[in-house]
Each structure stands twice: as C-alpha cells, then as structure tokens.
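Enquirer: Listed here are the chains, written in short residue letters.
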Amino acid sequence: MEPQLEDSLLIKRYVSGDEKALEALIDKHNRRLSSFIYSKVRNQSITEDIFQDTFIKVIKTLRKGAYNEEGKFLPWIMRIAHNLIIDHFRKSNRMPMFEGADTFNLFALMGDEKLDAERQIIKDQIDSDLIVLVGELPEEQKEVLVMRIYKNMSFKEISENTGVSINTALGRMRYALINLRKIIQENDIVLTN
Amino acid sequence: MDKPYFEEQSYCTLIKTKLETVRFLQDYSKSLQMMKIENLHFETHLN
Chain V
1 MEPQLEDSLL IKRYVSGDEK ALEALIDKHN RRLSSFIYSK VRNQSITEDI FQDTFIKVIK
61 TLRKGAYNEE GKFLPWIMRI AHNLIIDHFR KSNRMPMFEG ADTFNLFALM GDEKLDAERQ
121 IIKDQIDSDL IVLVGELPEE QKEVLVMRIY KNMSFKEISE NTGVSINTAL GRMRYALINL
181 RKIIQENDIV LTN
Chain X
194 MDKPYFEEQS YCTLIKTKLE TVRFLQDYSK SLQMMKIENL HFETHLN
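Protein chains in written order, with our numbering: chain V, 1 to 193; chain X, 194 to 240.
Honestly, the hints are just simulated from the structure, not real lab data. Some clues are possibly wrong.
[Unchecked claim] With a straight-line cut-off of 27 Å between C-alpha atoms, the simulated DSS-like cross-links for lysine-lysine are:
| id | chain 1 | residue 1 | chain 2 | residue 2 |
| --- | --- | --- | --- | --- |
| 1 | V | K20 | X | K223 |
| 2 | X | K211 | V | K12 |
| 3 | X | K223 | V | K57 |
| 4 | V | K72 | V | K20 |
| 5 | V | K91 | X | K229 |
| 6 | V | K12 | X | K223 |
| 7 | V | K91 | V | K40 |
| 8 | X | K209 | V | K72 |
| 9 | X | K211 | V | K40 |
| 10 | X | K211 | V | K20 |
| 11 | V | K72 | V | K57 |
| 12 | X | K209 | V | K20 |
| 13 | V | K60 | V | K91 |
| 14 | X | K223 | V | K28 |
Generate coordinates for the entire structure from the input sequences, incorporating the hints supplied.
Expert: Set out below in structure tokens:
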C-alpha cells in the first residue's frame, strides 16, 4: 500500500495542475466524509449528492487560489458538508416529499394557507371583539399593548416612545394581559376560532 | 451480577461514495477553466 501523502502536498500538486492529486485527495477522505454525511441524512443517494457538491466547492475554491493551507483540510471539507446538510434539511422542510399511494390526490398537495370563508368571518369577529376589549384597559396599559401586539415594537422601542423604563413597559404589558383575561372571564366571553 | 454491557451492540457503518461520483468530480475538475479578470473569477467548462 502506498503511503498516503499529506493534504498540503496533494493540494499544492493539484493547484499546480496535477489531476491525480485530486483523485488522491478524494480517495483519502472519501470514507470519512461519506460516513459523516450518511450519519446525518441516512440516505445513500443524498449522501452522494452532498459529497459531490462538497468537492465541487472544494475544487472551485482551490482553483481560484482562495484556499490557505493551514493543515485543516479535513475540518474544512467537513464544515462545507455540514452546511450543505443543513441546506438540504431546510429545502426538504419547505418541499415535503410525498410517497406514491393508490389513492393519490393532487389537491392534497395544493395547500392554501388562506382561511375558508367561515373561519375568516369568525376571525374578523374575534379581532373586532378584541379591539373593544383592549379599549376597556387603562390608557397606559392599552398604549403598551397596542405598540407591542399591533405595531410589533420591541420593549426597548416602547420604552423610548413612552418615556418609561423597559421594566415599567414590561410591567404594564403584564397587567394589560392580566386585566384582559379578567374582563374576558367576568363577561363569559369566548374568543376561539 | 449484571453484565456491564448491552447484548446488542450497534456498529458504526462506514460507507464510501460510488466510483461514478468520484469520476464525475475528476471530469469536472479537468473541464473546469477559471479566468480572473480584474477581481472577478469566471468559470467555464470546456468540452
């Protein structure tokens, strides 16, 4: 068995134009990298894809002359693979895979986040009831709640706008919610969709 | 006395990428041409 050459030497040779050095680099780290990827994705085809994409990035970086050899080639390619694995999981969460079934329904795939008419009416009613309830709160509590929930302001921004400390703003928000719950309970109001 | 180890042991699976993938990477590298114009890098692939 030929002694394995150092990564730094292989990289230097590859950058100088020796394609055999690339073959040696891939061969040297193949099992380690593939096993790492497989341990995360648990699928041979996806492992192959990510392995390929990893080394494509490696090849491009080496050929651009953008790689500084500091004896950290393996951690570098593992980091590239790790990031590609994360990208893979992000993509697969956005695009769920459907297995073929006997009763395949295309409309099951065509999701629509919009509420149906009935639920929209109920939601609109709840929203307007809530506005009335919020109007019942003491002025300073109402002010903080509106800024936080309806204007999506941070407590830092609320404190700057109202001229009170962050702790005071937080306290007012807390009391606003406690009072809202009290009003809802005392009046037997139901606010669910 | 209880045995201090599990009867079923899981073994780490080491796998290797297929030869086709490695060959693809080699071909990719051979066909890749990098051009640097000012501070920009352009990649082209020659047949």
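Enquirer: Take the hints in turn and mark each one as holding or not.
Expert: We went through each hint and held it up to the structure:
{"no.": "1", "hint": "K20/V with K223/X", "result": "10 Å, holds"}
{"no.": "2", "hint": "K211/X with K12/V", "result": "26 Å, holds"}
{"no.": "3", "hint": "K223/X with K57/V", "result": "15 Å, holds"}
{"no.": "4", "hint": "K72/V with K20/V", "result": "21 Å, holds"}
{"no.": "5", "hint": "K91/V with K229/X", "result": "32 Å, violated"}
{"no.": "6", "hint": "K12/V with K223/X", "result": "16 Å, holds"}
{"no.": "7", "hint": "K91/V with K40/V", "result": "15 Å, holds"}
{"no.": "8", "hint": "K209/X with K72/V", "result": "22 Å, holds"}
{"no.": "9", "hint": "K211/X with K40/V", "result": "18 Å, holds"}
{"no.": "10", "hint": "K211/X with K20/V", "result": "18 Å, holds"}
{"no.": "11", "hint": "K72/V with K57/V", "result": "16 Å, holds"}
{"no.": "12", "hint": "K209/X with K20/V", "result": "19 Å, holds"}
{"no.": "13", "hint": "K60/V with K91/V", "result": "23 Å, holds"}
{"no.": "14", "hint": "K223/X with K28/V", "result": "19 Å, holds"}
In this structure, the one hint that does not hold is number 5.
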